[in-house]
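Residue strings, one per chain:
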Amino acid sequence: MSSSKRAPGIDAVLRHPRELMIALLKNMVRIRRFEERCAVLYGETKIRGFLHLYIGEEAVAAGAIGALSPEDAIVATYREHGHALIRGVSPDAIMAEMFGKRAGCSRGRGGSMHLFDAAARFYGGNAIVGGGLPIAVGLALADKLQKRDRVTACFFGEGAMAEGAFHEAINLAALWQLPVLFCCENNLYAMGTALARSESQTELTVKAASYDVETASADGMDVVAVHEATVAALERVRSTQAPFFLEYKTYRFRAHSMFDPELYRDKAEVEEWKKRGPIHNFSARLKAQGLLTEEAFLDIDREAHEEVERAVAFAEAAEWETPEECFADVCAPETTG
Amino acid sequence: MSSSKRAPGIDAVLRHPRELMIALLKNMVRIRRFEERCAVLYGETKIRGFLHLYIGEEAVAAGAIGALSPEDAIVATYREHGHALIRGVSPDAIMAEMFGKRAGCSRGRGGSMHLFDAAARFYGGNAIVGGGLPIAVGLALADKLQKRDRVTACFFGEGAMAEGAFHEAINLAALWQLPVLFCCENNLYAMGTALARSESQTELTVKAASYDVETASADGMDVVAVHEATVAALERVRSTQAPFFLEYKTYRFRAHSMFDPELYRDKAEVEEWKKRGPIHNFSARLKAQGLLTEEAFLDIDREAHEEVERAVAFAEAAEWETPEECFADVCAPETTG
Amino acid sequence: MSASQKITYREAARQALHEALTQDERVFLMGEDVGRYGGTYAVSKGFYDEFGPDRIRDTPLSELGFVGAGVGAALGGMRPVVEVMTVNFSLLALDQIVNAAALMRHMSGGQFNVPLVIRMATGAGRQLAAQHSHSLEGWYAHIAGIKVLAPATIEDARGMLRPALEDPDPVLIFEHALLYNMQGELPVDFSGVDIRHAAVRRTGKDVTLITYGGMLWKALEAAEQLAKDGIECEVIDLRVLRPLDDATIMDSVRRTHRAVIVDEGWRTGSLSAEVTARIVEQAFYDLDAPVARVCSEEVPMPYPKHLEDAALPQPEKIIRAVKGLFGKTDS
Amino acid sequence: MSASQKITYREAARQALHEALTQDERVFLMGEDVGRYGGTYAVSKGFYDEFGPDRIRDTPLSELGFVGAGVGAALGGMRPVVEVMTVNFSLLALDQIVNAAALMRHMSGGQFNVPLVIRMATGAGRQLAAQHSHSLEGWYAHIAGIKVLAPATIEDARGMLRPALEDPDPVLIFEHALLYNMQGELPVDFSGVDIRHAAVRRTGKDVTLITYGGMLWKALEAAEQLAKDGIECEVIDLRVLRPLDDATIMDSVRRTHRAVIVDEGWRTGSLSAEVTARIVEQAFYDLDAPVARVCSEEVPMPYPKHLEDAALPQPEKIIRAVKGLFGKTDS
Ligand SMILES: Cc1ncc(C[n+]2csc(CCOP(=O)(O)OP(=O)(O)O)c2C)c(N)n1
Ligand SMILES: Cc1ncc(C[n+]2csc(CCOP(=O)(O)OP(=O)(O)O)c2C)c(N)n1
Ligand SMILES: [Mg+2]
Ligand SMILES: [Mg+2]
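Residue numbers (my numbering), protein chains in the order written: chain A, 1 to 337; chain B, 338 to 674; chain C, 675 to 1005; chain D, 1006 to 1336.
Everything labelled a hint here was simulated from the structure, so no lab data went into it.
Incorrect hints may appear among the rest.
What the hints assert, rightly or not - To give a feel for the contact side, a few chain D residues facing chain C, derived at Cβ under 8 Å:
#: 1; residue: Ala1135
#: 2; residue: His1147
#: 3; residue: Ala1149
#: 4; residue: Tyr1185
#: 5; residue: Gly1189
#: 6; residue: Glu1190
#: 7; residue: Trp1222
#: 8; residue: Thr1281
#: 9; residue: Val1296
Unchecked claim - Listed next, the stretches of chain A that the computed footprint assigns to chain B, with coverage defined by at least 3 CB atoms under 8 Å from CB atoms of chain B:
#: 10; stretch: 159-167
#: 11; stretch: 200-214
Nothing here was measured: the structure is a model prediction, and the numbers come from that model.
A virtual CB, placed ideally from N, CA and C, is assigned to each residue, including glycine.
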């Protein structure tokens, strides 16, 4: 399987129900508004620690996670606000987590990098690059051993592929034929390290295929392409009960984190990619096809905005965990015996 | 580059000077006699700890190490008696090391798994599977930075390829274009784990090629094939100043270590491989081509035998290191300042 | 006295695993050569045929990968027993043990606990030299979020696995490689052990020897000999290295007023230091002499027997340390 | 007093690296984002342009691989300075640090020493949560065959690298991430520091505070406040965590008769335990009170500021611990 292709002439948006297209757009806008607000809140010191924004990459989470079914599991990285949002983790709980409040989705203990939600089967929020990969393999192994028909989708950056953890994890998944969807978010940089200075083989699907795993690559700036590629990949995982490696070619518009002076790339390069911005291009396509009006777009935007403001208000009002509560919850309380 | 091929009809032994062919034979016999004696000495409790025999695989060390030049470096595993011997580490010092005596090549501290020799640029003797790979990359990096024209040959088993260390090391070598010869001794088992239960992709050159590294595979039971493939690979490393991955397909005739009950493979499989025994097949070929007489073979065998017996006598007579000496040498003695 | 069977530590560990695999479908064993090879220490010999490749899962050489897969499988509802062949190789998996297994419950706000058991062989004494002789179980006891066990007896080899598997959090079990061949009695009506308390393995009034794992037997041997000289040692087997059972330690030290800690780890930063610190914090005014430690020399373990013996704690060194506390020296 | 320049800890670390790169061709810096990014903590900003990509070598995310490559490069005659971005990620490289770098000299019979310097940022205090806030430098001090340094001052940030690079064996340098922005005076005629001794950073007769790294400043702050209450603290900065400078510690404790150890590590098995044990072993009869410890709570580091503050040693806690030794409690 190679790069997903678009039939010439007809825009892919016409291949799908309008509702789906609008939902994808909406989800991208939700991530964007949520994160823009986070950046402001960071400036106001409401949010602290590390904050890794996903701005520019929204098509990936929106397109990919929408393709999963509720029983599937997700393992994500420290750049995972979008993934959590689209997965249905409550925006209030996410924002409260960013504030460090007890009502946060991880009781406020982890902040931006450690969003967790058992109900959503959202297994973090891992801040060790590559650290989620073996865990995803284990989740899939548990499904296989318990004969459950579920997929584990593991998101990671292209930088993680240089880690031994990637090598060991994908080999295990392939060797044991486990239903893992390896979702590589190739945004071309790992902090300041460009892909070509990280991998001797920059064609990531070639690397992954060497484990005898099926692969594909999708335009990560195009939410429909992402969605289609993910649907197809998931179908393969379910039918073969084997792993699949899917690369999303994308780009982060913002700095790596709030501390990054961005010395390693040209402004011009960033501007060039911004022209491919996933939201405005997609909304333009929808408009061109008559599926979206400017008014409808503004409605979506307003709703996203309101969702965020509600979340901020919720987070503001929420309470802090006490040291006693927090420090007591390291291991399970001792039982008799 | 793929498997080395033999011109049909003419035996490859005729392509080379007779002296070389005899030297290769001699070296294989030296390893065999040395290790057979070690097995006996293990039974007599002169040698203790782990003892990993190379019997069956002699063609690899004999053919490959003979192709290196003295300035090249070697990084090896715990199954490295043969490599040290062929590299020119004194048999006396190796045997004394196996006995744990102060005259051993590592002062007796490491025994069988930790042979070292600075003069021979023999960097161990590493008992962590895959542990030598990053070190080899660093040695080659030092050569590159100091503009020295040397190669580092790193030996490892096929089992090591599943380790993250392999992935990280070969990527670094390829990315930085370092003169490393990756020498994979594929003897089909890692302890009791067959290759197919260790790697999703069992074609090891395919795995290696995914790092954009040149690869080849050689019949590791045929010392001439090993030698030719290694010479060719070294030439590529020297001319491209880039890494090369060379697989030697071989087989270990003995148990993994002296503790292994060999439950995981059939006697018949072992017997089948023994028919391809590197020494008797090669000596038969040499005889068939009139390059070796039975007498000459017996001379070689006797010399090898004598070398071992001298080494045993040396090791027997050698002294132990004292605890004081041994325990004092953990860091460099403190200097002023 | 009730009836008992004479078995080895290996057999005890094997029975424990067998029971777990038989009684709980969620339990599976995973690690290098646990299956067709029969287990490096033959603990799982025969299991592959009995339970099949899914539940006796041979892994590639990928310590980080399969320990992490154990974390994931535990999250996914299984009860994995991951065998890392020896503690020496566990360093490759440390990130998954510390940054995933140990932190997950807390970091996820209590949503995701990791009911994972990791077994490994530990310790020196078999002339395996520097890279194969580490004693790092005390080092692991530094990590918040995990439990660390060191079964030293047949009972504990037989009994600790069950509560470890019942524990909702990660438990590391360190089996000293020299103990596998040790023989001992297991009561036929053996009903299990806890993983919360240290055990007094010998009572005595003059000095408390505190130890664990392979060193227990050397401490007991030293105690026997010291008894002949009129010094009665109480010997405490820590059993659980994290969390430490302070009460049992302090109870004893408050009675004997003297303590010697015997620890196979390299002295500096070994568990013996923590035990010393706790005694000082909790029983300082009960001490009649400084707490003493008998640990390994801080040297990469040498291969020759006489050097390995010299590097490790031995009964003679323990005897010397004890006598030192009474102002006696042994000459 | 001689003239001095006011610089940050970051600038001091930067000057040290710059000097090393300028003076010795064999020195090179390697690690994630040390080059084009300018260093995660901006320590090597501008070096990439000045020294080029060969000597300021950006690495892929491959901690085990590039630390091992550092070992090899050191064996090959270079003087690598490997930067592991933070101690949190060093767990991935631990096998190469312990089983290769630390053991190599001894295991090779003294033939192959490893003149490798590994730098890493350490510590909590920036609300980076559980996986990014470890303080494991004390844990590393358990490892035979390496030296462990913890520069806490501008002088040490400036001076320790040189002797570390001159050392023929592996040296780990832990820079507390909170210190990079700290300003201080560096004498213009600064002539270097040793890496063998602890330093008395404040003299006092009543109690000895023993600490290192980021905690030095909290200990000094506590000492200031205690002075107002008439308690004069001597403050020892360990500087070198392995090997420990026992003499300086015991000298002080024998004069003050009281010791409090302040350590950012999780309490159990932290370096504070080892220091306590040594004091008990070497100065037991000089002690007027139990040795006390102020360490981090044994909890994965929480993200919110109030919880992080509560988990870490703070001047108030140090003050309470000191007063506790004098039977005073602070209410
Ligand atoms: C093991 C490890 N090493 C280093 C870091 C520091 N770090 C955090 S993110 C990052 C870059 C990761 O790049 P990539 O995987 O491409 O993901 P992206 O940030 O681009 O989404 C680095 C080096 C880390 N968190 N974990
Ligand atoms: C990291 C690590 N894990 C496990 C072991 C135990 N062990 C020693 S040799 C070996 C098998 C290695 O197989 P391979 O790499 O194919 O080399 P071979 O022994 O076949 O020559 C194993 C599992 C080890 N020494 N190091
Ligand atoms: Mg990236
Ligand atoms: Mg093999």
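We went through each hint and held it up to the structure:
Because the closest C-beta pair between Ala1135(D) and chain C is about 5 Å apart, less than 8 Å, the hint holds. Below 8 Å, beta-carbon pairs count as interface contacts, and His1147(D) has one with chain C at about 3 Å; its hint therefore holds. Because the beta carbon of Ala1149(D) sits about 4 Å from the nearest beta carbon in chain C, less than 8 Å, this interface hint is met. Below 8 Å, beta-carbon pairs count as interface contacts, and Tyr1185(D) has none with chain C, the closest being about 23 Å; its hint is therefore violated.
Hint status for Gly1189(D) relative to chain C: violated, with the closest Cβ pair at about 30 Å, above 8 Å. Violation of the interface hint for Glu1190(D) is found here, the shortest Cβ-Cβ separation to chain C being roughly 34 Å, above the 8 Å cut-off. Here the hint on Trp1222(D) is broken, as its CB sits about 24 Å from the closest CB of chain C, past 8 Å. Annotation: interface hint on Thr1281(D) holds; nearest CB of chain C at approximately 4 Å, less than 8 Å.
For Val1296(D), the suggested interface contact is upheld, since its CB lies about 5 Å from the closest CB of chain C, less than 8 Å. Residue count for the stretch 159-167 of chain A with a Cβ under 8 Å from a Cβ of chain B: 6. That meets the three needed, and the coverage hint holds. For the stretch 200-214 of chain A, the stated coverage by chain B is satisfied: 9 residues place a CB nearer than 8 Å to a CB of that chain, which reaches the threshold of 3.
In this structure, the earlier hints numbered 4, 5, 6 and 7 are contradicted, and the remaining ones agree with it.
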